[in-house]
Amino acid sequence: MSTDWRALSHLLRRIRTPLIIGLSLEVIASLCLLTPLVVAVFTVSHLAGGKPLTDPVWPLGLAAAAVIIGGIARSASTLVLHRADNRLQLHIRRDLLTNVRHSPLETVDRAGGSRIKQIVTDHVDALHHVIAHAIGNALSALVLVLAGLALLIWVAPLATVALAPLIAAVVLSRRQRRGMGPHMREYQAASHDLDRASVEFVQGITALKVFHYSETGLSRFRSAAQRWATFVESWARRVTPSMTAQQVLLSPIAVAAFASITLLLPQNQAATTLLAAMVLIPAMMSPLWSLAFALWDITTGADAARTIEETLRECPSPTEGNAAASTLSWPSGPVSLHASAVSVRLGERDILRDINLTCPATATTVITGPSGAGKTLLLEVLTGLRPTHTGIVSINETPLTSLQPQLNDHVSALWQRPRILRGTVAENIALGRPGTDIEACQRVAREADIHDRLQALPQGYDTMLGEGIDLSGGELQRLCLARALLAEPTLIVLDEPTASIDRESAWAIDKALRNLANRCTVIRVDHRLDVVMSADHVIVIDEGRVAEAGKPDQLAAGNGTLASLIDSQTAVTTA
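Positions 1 to 575 (the UniProt record's numbering) are the ones given, in order, by the sequence shown.
Keep in mind the hints are simulated off the structure, nothing from the lab.
Possibly wrong hints are sitting among the right ones.
With beta-carbon atoms standing in for the labels, derived distance ranges [to be verified]:
#, residue 1, residue 2, range
1, GLN226, THR398, 46 to 56 Å
2, SER564, SER402, 32 to 42 Å
3, ASP95, GLY333, 28 to 38 Å
4, GLY435, SER234, 48 to 58 Å
5, THR121, GLU186, 54 to 64 Å
6, GLY473, GLY435, 26 to 36 Å
7, GLU186, ASP95, 24 to 34 Å
8, GLN247, HIS91, 56 to 66 Å
Just so it is clear, CB atoms sit at the ideal spot from N, CA and C, and this is done for glycine as well.
Using the sequences and the hints, build the whole thing.
As structure tokens, then:
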């Protein structure tokens, strides 16, 4: 069994019982819907033999009952399979997003946002066609073909000559399907490139317009779209002749042409044989086109299942491989953070080397240094977003890796770019604590000095963001700070939270963080001199190493890296 089919089989095991029930109902429906044709053939055969039809009611009643039962069975099958499909899609999407959420940032970066979006939406959607439609359609087609063939051989063996077009169409279809796997992978790759180009263009449109490079960005999108269209066109050119020939072979005219051979038989045999051929063979052929599309959907779904399984393996579950985590609890009381001999490599380059530092409990530690020194990467390592290649990060005396599943409950973060979701103000504040009451949301909004602005919105905290309601960058950052405060963290990390906002918002955020420092440990990356000099502890990073660490006034009075940074900033300010 290939990897694709093995992956699809593994996913379908989750809904094995409803799948068996739904497919069994589909078989019953197919046999019932074939019954009227069987009744018609036997009735005509009976009459052609010169025997009178003594009681015409029972064949009509049997046909009517079969149609009713078949309709009910098919409706029930559709309902069962769709419900199973919905349940499986929900579970897979939850598994994917949960695993991505707990995966190291390095893994997520490698996958890429557009790729994750494609897997969570498009690839999971492909399973819908497999479960809710394709498998049932394929099984129904096989039942009709096999049952019709058995009946045809029994009633009119010579009529099987009219199956020649069907056999030829099956041979062509099989030849067409050869090599579909590589073509499908090429199609998926082209689609991924198109998705990535679309996301990059939309995300970068502001910068492209400001620097008058919008045509450059659009040309990349056009190139990806052209590559996708070229591949689809060439693929269509390869399969169109075969598909056209199959359509001709499966047409009623082809069946009638071959079935006309039966007219050479004696009159009484010719009538029965011709009727059997003209009634049963079209009934056998009619589902073959749906079978062809079903096989295509199943092949697409199998490829999607393989990608989903690979993603689940690449982004393991939060508890996988970390059995010790369930026995370790988050340290009680104030927490300090320590890094010992930490090194981080990106690709072939060592970005952080031999990092040794301590961030004291219930104090504000500011990490500063020249641009490109590795400060943001260090912050990601200290919060468990990126793994270390060597060394260890610990909370108090407990390794951070042993506390990984609990980080979201005790650590809050505020990054340079504020992120909001399409939802109400209250929903955005309570993103990490769904169901939080409005009073708690208002309390943390006051701490972040954004309550009055949010209350002044058209519907207050019930205002939908993203629907014509625009908050400034500073206001969005303060809203995100309120979200971070709602978690009541014991550790909060910030990556230049005031770098791109107005002075008023920066002052409000600084004030909120000063009030927070006596309740939790604060670690902040920043370049601003006033922030650095007001910190309890300063760590200076230069070229991926800890250049110096200590009290800001002591470091500023020395001849080290911090003193040089202060001199350079002062020179720029006074120039």
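**Item:** Distance restraint hint 24 to 34 Å, applied to the beta-carbon atoms of GLU186 and ASP95
**Value:** holds (27 Å)
**Prompt:** Taking the beta carbons of GLY435 and SER234, is their distance inside 48 to 58 Å?
**Reply:** holds (53 Å)
**Item:** Cβ distance range 56 to 66 Å for GLN247 and HIS91, holds or violated
**Value:** 39 Å Cβ-Cβ, so the 56 to 66 Å window is violated.
**Prompt:** So does ASP95 sit 28 to 38 Å from GLY333, Cβ to Cβ?
**Reply:** holds (35 Å)
**Asked** Do the beta carbons of GLY473 and GLY435 sit within 26 to 36 Å of each other?
**Response** With a Cβ separation near 29 Å, GLY473 and GLY435 satisfy 26 to 36 Å, so the hint holds.
**32 to 42 Å as the expected CB spacing between SER402 and SER564, which holds or is violated** = Since SER564 and SER402 have Cβ atoms about 39 Å apart, the given range 32 to 42 Å holds.
**Request:** Check the following: the C-beta atoms of THR121 and GLU186 are separated by a distance inside 54 to 64 Å.
**Result:** violated (21 Å)
**Item:** Outcome for the supplied range 46 to 56 Å, where the beta carbon pair is GLN226 and THR398
**Value:** For GLN226 and THR398 the Cβ distance comes to about 54 Å; the hint holds.
In terms of the numbered hints stated before, the structure departs from hints 5 and 8, listed from lowest to highest.
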